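Participant: Here are the chains, one letter per residue:
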Amino acid sequence: KAGVTQTPRYLIKTRGQQVTLSCSPISGHRSVSWYQQTPGQGLQFLFEYFSETQRNKGNFPGRFSGRQFSNSRSEMNVSTLELGDSALYLCASSGDRGRTQYFGPGTRLLVL
Amino acid sequence: DAKTTQPPSMDCAEGRAANLPCNHSTISGNEYVYWYRQIHSQGPQYIIHGLKNNETNEMASLIITEDRKSSTLILPHATLRDTAVYYCIVRPSTGNQFYFGTGTSLTVIP
Numbered sequence: 001k002a003g004v005t006q007t008p009r010y011l012i013k014t015r016g017q018q019v020t021l022s023c024s025p026i027s028g029h030r031s032v033s034w035y036q037q038t039p040g041q042g043l044q045f046l047f048e049y050f051s052e053t054q055r056n057k058g059n060f061p062g063r064f065s066g067r068q069f070s071n072s073r074s075e076m077n078v079s080t081l082e083l084g085d086s087a088l089y090l091c092a093s094s095g096d097r098g099r100t101q102y103f104g105p106g107t108r109l110l111v112l
Numbered sequence: 113d114a115k116t117t118q119p120p121s122m123d124c125a126e127g128r129a130a131n132l133p134c135n136h137s138t139i140s141g142n143e144y145v146y147w148y149r150q151i152h153s154q155g156p157q158y159i160i161h162g163l164k165n166n167e168t169n170e171m172a173s174l175i176i177t178e179d180r181k182s183s184t185l186i187l188p189h190a191t192l193r194d195t196a197v198y199y200c201i202v203r204p205s206t207g208n209q210f211y212f213g214t215g216t217s218l219t220v221i222p
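First to last, the sequence lines map onto chains A and B. Residue 90 in the working numbering sits at position 90 of the first sequence, with consecutive numbering throughout. Residue 185 in the working numbering sits at position 73 of the second sequence, with consecutive numbering throughout.
Source of the hints: derived by calculation from the structure; they are not laboratory data. It should be emphasised that the depicted structure is a prediction, and the values quoted were computed from it without experimental measurement. Incorrect hints may have been included.
[Stated by the list, open to error] Here are some chain B residues pointing at chain A (derived, C-beta under 8 Å): (1) P120; (2) C124; (3) G141.
[As the list claims (entries may be wrong)] Over 12 Å on every C-beta distance to chain A, these chain B residues come out as not near it, computed from the model: (4) G155; (5) A172; (6) T191; (7) D194; (8) V220.
[What the hints assert, rightly or not] Computed footprint of chain B on chain A; a stretch qualifies when at least three of its residues, placed anywhere within it, have a C-beta under 8 Å from a C-beta of chain B: (9) 13-26; (10) 66-76; (11) 101-107.
For glycine and all other residues, C-beta sits at the position ideal for the given N, C-alpha and C.
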């Protein structure tokens, strides 16, 4: 099976802009979770989607949002970008039976 | 949610076993222990998980104490490619949110 894929892999934006990141889970996986990784805060959970519904949410401002499509692909959006949003954004998928999460390679976002 | 405590760094000689400890004293009875590693800002790679019994796969072994308050990940014959940050995580009984700590930075020395 192909692994989790994320696009784009690298992105440069300026403050105030918005950005959309995409994640395609492993075939058959219906749960998609998003994480932010920064040198200062480490790996932090953003939110999880399951069958097109947000099931869990971490402690992030409303500028961070997401959605999931019927084919389980997911997107996350960050509006009004701030310098502190520069990070590696990771997506992970898991199946119904096993809740082991499999991570994608990440999207590295740089906000200037 | 149960928190985990790991030493910030460890060294291991190439070819020797690497034993990475993790403390999770507040773990609940139905919470699993997961181990992942992250090599140089790539996506975390799943290694192994367990509930109460010891587990082994092609990558590693997981030893969980009888009281489940701590565990040890064992890489039987460490190679230079095992140099990474290793995360011990207690998966909540409901939901898929993983809470990563600071992990252990393992350096395998030639």
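Participant: So, for every hint listed, does it hold in this structure?
Facilitator: Evaluation of the provided hints:
no. : hint    : in the structure
1   : P120    : violated (12 Å)
2   : C124    : violated (23 Å)
3   : G141    : violated (16 Å)
4   : G155    : violated (4 Å)
5   : A172    : holds (14 Å)
6   : T191    : holds (22 Å)
7   : D194    : holds (18 Å)
8   : V220    : holds (22 Å)
9   : 13-26   : violated (count 0)
10  : 66-76   : violated (count 0)
11  : 101-107 : holds (count 6)
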